[in-house]
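Student: Sequence:
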Amino acid sequence: MARASPRTLNLDPNRRAIEQSWTLVGARRGRIWYARRVYHHRGSVTSVRFDGLAVLRREEVRGDVLGFFHTHPDGPPRPSARDVRTMRAWCSSFGKPLLCVIASPEGLAGFRFDGGEGKSSGGLPLATIEVFPRGVVIGVEADGG
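Numbered by the working numbering, the letters in the sequence shown go through residues 765 to 909 in order.
The set of hints was computed from the structure by calculation and includes no laboratory data.
One or more hints might be untrue.
Said to hold, decoys possible - Label-pair ranges, simulated between beta-carbon atoms:
no.: 1; residue 1: 871; residue 2: 821; range: 26 to 34 Å
no.: 2; residue 1: 817; residue 2: 907; range: 33 to 41 Å
no.: 3; residue 1: 818; residue 2: 898; range: 19 to 27 Å
no.: 4; residue 1: 853; residue 2: 898; range: 27 to 35 Å
no.: 5; residue 1: 805; residue 2: 906; range: 25 to 33 Å
no.: 6; residue 1: 897; residue 2: 849; range: 27 to 35 Å
no.: 7; residue 1: 859; residue 2: 817; range: 16 to 24 Å
Here a beta-carbon is modelled for each residue, glycine too, at the ideal position from N, C-alpha and C.
Whole structure, please, built from the sequences with the hints as guidance.
Tutor: And the structure:
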């Protein structure tokens, strides 16, 4: 599991742990996802909202929405039941696979969602996911993913 420092994620370790979210925009080239985080939002300890209309507009105008990045400050870096429902709905709306990247104290993990009810409906784990300065996120799918 990848690690990301609070500094790289732009998280303030002196603040009370709350969920935060970003929209991921960029491009996918085969198994490699190149993204950057935009539209930052802060939530509560257990949930976070984001501007769905801004995300829809971005996809309609630029077609470059790759998914969503959010934190689980008190939980593991894997999709919750709510995350799974949300990702499936967005995949269905956009008609394409999307990423769900989750940062927690346990590490950083990325999952590809295809939107269906099949094998990958809970998200296929990426082989690696890294966060770089300036909000850059790069993920690589496993062979055969």
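Student: For the range 27 to 35 Å, tell me whether the beta carbons of residue 853 and residue 898 fit it or not.
Tutor: Cβ of residue 853 to Cβ of residue 898: about 29 Å, so the range 27 to 35 Å holds.
Student: Measuring from beta carbon to beta carbon, are residue 859 and residue 817 in 16 to 24 Å?
Tutor: 18 Å, holds
Student: Do the beta carbons of residue 871 and residue 821 sit within 26 to 34 Å of each other?
Tutor: With Cβ atoms ~32 Å apart, the hint holds.
Student: Does the beta carbon distance between residue 818 and residue 898 stay inside 19 to 27 Å, or does it fall outside?
Tutor: 20 Å, holds
Student: Okay, residue 897 versus residue 849 on CB: inside 27 to 35 Å?
Tutor: 32 Å, holds
Student: Quick one: are residue 817 and residue 907 within 33 to 41 Å, going by C-beta?
Tutor: 38 Å, holds
Student: Taking the Cβ atom of residue 805 and the Cβ atom of residue 906, is their distance within the range 25 to 33 Å?
Tutor: 30 Å, holds
The earlier numbered hints are all upheld by this structure, with none contradicted.
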